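With the sequences and hints as input, model every part of the structure.
Residue 8 is where the sequence shown starts when you use this note's numbering, and the numbers rise one by one after that.
The reader is advised that the hints may include incorrect statements.
To be verified - Simulated pairs of lysine to aspartate or glutamate, EDC-like, Cα-Cα distance not exceeding 16 Å: (1) Lys120 x Asp73; (2) Lys248 x Asp146; (3) Lys248 x Glu316; (4) Lys120 x Glu131.
Unchecked claim - For each label pair, taking beta carbons as the anchor points, the in silico distance ranges come out as: (5) Met307 x Gly206: 41 to 49 Å; (6) Lys248 x Leu43: 30 to 38 Å; (7) Ala314 x Asp23: 18 to 26 Å; (8) Val233 x Pro191: 39 to 47 Å; (9) Ser158 x Ala189: 17 to 25 Å; (10) Leu353 x Asp35: 29 to 37 Å; (11) Gly349 x His74: 29 to 37 Å; (12) Arg84 x Pro211: 15 to 23 Å; (13) Ala40 x Val72: 32 to 40 Å; (14) Cys296 x Arg404: 25 to 33 Å.
Everything labelled a hint here was simulated from the structure, so no lab data went into it. As the structure is a prediction and not an experimental result, all values here were calculated from the model. Every residue gets a Cβ at the ideal spot worked out from N, C-alpha and C, and that includes glycine.
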Amino acid sequence: MSAVPARSDGVPVPSDAEIRAFVRAELDPQTRAGVLGFRRPSPAAMRAWQARLVERGWGAPAWPVDHGGTGWDAATRYRFGNILIEEGAPAFLPFGYAMLAPVLLAVGTAEQKAQFLPRILTLEDWWCQGFSEPGAGSDLAALRTRAERDSDHWIVNGQKTWTTLAQHANRMFCLVRTDPQARPQQGISFLLLDMASPGVTVRPIITMDGGHSVNEVFLDNVRVPVGNLVGAVNQGWSYAKLLLGHERSAIAQVAESRRNLALAWRIARDERDGAFVLADLPEVRAALCVLAEMLDSLEMAALAYLAEESSGQAGGIGANVLKVRGTEIQQRLSEILMELAGPYALRFRPEALVGPVDPPVGPTFPETLAAHFLMTRAVSIYGGSNEIQRTVIAANRLRDAR
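Structure (structure tokens):
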């Protein structure tokens, strides 16, 4: 396999065929089948896939070349990511790669970059995000976890909640209040925490899909070296806004929705309602065509945001808009998949999320649909609820109109 001719800046750009051939040759077939069936890949499967990408030089497409990046432009990275998703590859674990890494690259010390970026690249460090708290979710500035300076350590006390995949993580980046007298958005700092530290307790939260993907994390006199402070003391809110911009734009999940829309069309063409093929029913075709139009519009907005980001002009409400519209589409798609599956979708088998379940009853595709549908109810909440995002968008529009 060979790349298409290099761009004028000398960076080799792989062709679509090369990317697809790589995925089909290197991705474990069971992992691929699981991802395409809404099953959650294990940490071992994700690390194995990430190792293949790193060997190929594709482990961190968006990073600078001197830290393991590809040097590709935004359009190439977007195309690459879409093809991986279409082919059923596990998504990049976002917490280290797409959230923490941009903050470290922007304001981290040379020592922090040297210590943490290589381990993020290989998934040797599995990061989780310690932002939300019982009284501070979408209102993140209300966080109460405190850190007090004690010589060469910070002493951290508090609780984080809805901490995704903390049961697998060995590291957490978290926001802590270092100046309780400051205004809510001030006096917050950004710390890097070892999950093996004494005083860290992780407790599972089992969500209504039957899965264990989120957790409570209790921090009781946890000692964090002062060298694990990112950026300046009391400036963590600024770094959080940088991080959340990456998170919210990623939550739009355009490629995943396109893959799920294609699945919906396949089901509609294969399944029948009495004498009628579902895809021939006007209401089914109309619903799927409306979603296709919505996805086209979302993708145009995502590409515009990427262009702004590449030119250093990203900001404002672009990521907020992508988050709201993208999650609405994801939820509608999960509803349509349930409707197409009909009575077979009523089976609630959360054990199917980690592997095939025997004996199957009817077609196998609905096995994970109910759990997927229930989990998708959360996408409009995490990353900042859509209600809060609409308020931010409206406030921004009003300010621009003045």
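- Mind listing which of the numbered hints don't hold for this structure, in increasing order? 8, 11, 12
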